[in-house]
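Chains as they are written, first to last, in the numbering used here: chain L, 1 to 185; chain E, 1001 to 1218.
One thing to keep in mind: the hints can contain errors.
With the Cβ distance kept under 10 Å, some of the chain E side facing chain L (calculated, not the full set) [to be verified]:
| hint | residue |
| --- | --- |
| 1 | N1002 |
| 2 | R1010 |
| 3 | E1026 |
| 4 | L1212 |
Cross-link-like lysine to aspartate or glutamate pairs, in silico, EDC-like; alpha carbons within 20 Å at most [said to hold, decoys possible]:
| hint | chain 1 | residue 1 | chain 2 | residue 2 |
| --- | --- | --- | --- | --- |
| 5 | L | K168 | L | E110 |
| 6 | E | K1005 | L | E47 |
| 7 | E | K1005 | L | E112 |
These aren't lab readings, by the way, just hints derived from the structure by calculation.
Cβ atoms here follow ideal geometry from the backbone N, Cα and C, with glycine treated the same way.
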Amino acid sequence: MTETDFHLIQGLRRQSPKAQQQMLGRYGNDVFAQVARLVPGLENAEEVYQDVFIKVFKNIGSYDEEKSSLKTWISRIAYNESISFLRHKSMPVVYFEDREGEAEKLSETEVEATFGQPNQETVQLIRAALKHLPPDEHAIITMFYYEEMSLKEIAYVTESISTTVASKLSRTRKKLCKIIKMLQS
Amino acid sequence: MNEDKLIALRQQDQNLRDAIRQDEVERPQMPADLNARLMQRMGTKPQTTRIRKLWPWLAAACVAAFIVVLIAPPKSDVPTGERQVTAKVEQPAKVEPQGNELLTEVLPEAKTQPTTDVPVKSPRPLHKPVAAQPVAVEPVATEPLLAQAPAPVETAQPDNETMTTLTERDIPITRPENYQYTPEELALLKKQANEAYLKWVELELEISKCNLEQTAQK
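Using the sequences and the hints given, assemble the complete structure.
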């Protein structure tokens, strides 16, 4: 933990408005992006965003710097708030579900060929396919590929274990590939 | 799949990374005033706690005010009303005396100004019995006394024929000039009250009948 983080946490524990502002400035955009990724609709995302930071300011006393970084801790709160918002509001989310295990039948070579060879058309297809993923899988794949978080960090955020996250990532890759093939056909 | 392999895949999956990056770039940006709104929302929270801290004091003030009202003497104990005094002044004159020795003591106000509206000052010592000065009072009218409800009164012994001094505890009245009554007067008051009550009941019945008739006609 850096010295600035330490001072920031101290300030937050004193409920200092200056420290709160500082935290919003530092992590606000990332949290909003994370929330907006999971929760559809700008108004909903704003509501969840506010709830996340109110919870962060309220529970800063329970933050353990030995377990995770401050950013990961906030991400965990944001993830949980977003998922519970979706559950409580019963938001209609339409996503692809591989009931027959078709995606699992795809070979690793096939998947690597789809994602590895740079192709603008494939990129657009992947973007379309990402919209068909359930929110939790979309969040995991973004945390891994975009935010470059480690499996341990993702496991902490999703309240899971590293091996589960790894198998979920592998499955999601294959699922995306399957969706792309369906879109192509 | 282990972590090392996954990390290697992260580097390999160029298309996937690009797609996610493009998605994130196109995602709607955070509104500029969102943090200000959040801070405003945070700022309004302490106000509720402040109200919570204030309300016990308000409640205590209300209780204190209630106690003060409760302790303060009732208005009926304070002899100030003009109309009440004038109305009650007439009452002793309505009593039918059966003999000179049974005459009541009536205050001078009652004798001299029986029907006027002149305000009469009540004597200060309310608990002091009025000195026994028998005065002959001519009965003026025999109208029933409606105001005086029958009250449990210790009747005086008839053999002695002495006047009993009644206290405020015996009769629920606050007029000092009405403090003393003879047993006969009390009996009469009781009778008149009963008659008045009967009349009132009859009247109520009449009203009910009229209402019923009117309803039936409609």
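Hint check:
1. N1002: holds (7 Å)
2. R1010: Interface hint status for E:R1010: holds (6 Å vs cutoff 10 Å).
3. E1026: At 9 Å from the nearest chain L Cβ, E:E1026 passes the 10 Å test, so the hint holds.
4. L1212: Since the shortest Cβ distance to chain L is 60 Å, the answer is violated.
5. L:K168 - L:E110: This hinted pair holds, its Cα atoms lying about 18 Å apart.
6. E:K1005 - L:E47: Answer violated: E:K1005 to L:E47 is near 38 Å, above 20 Å.
7. E:K1005 - L:E112: Status holds; Cα separation ~12 Å.
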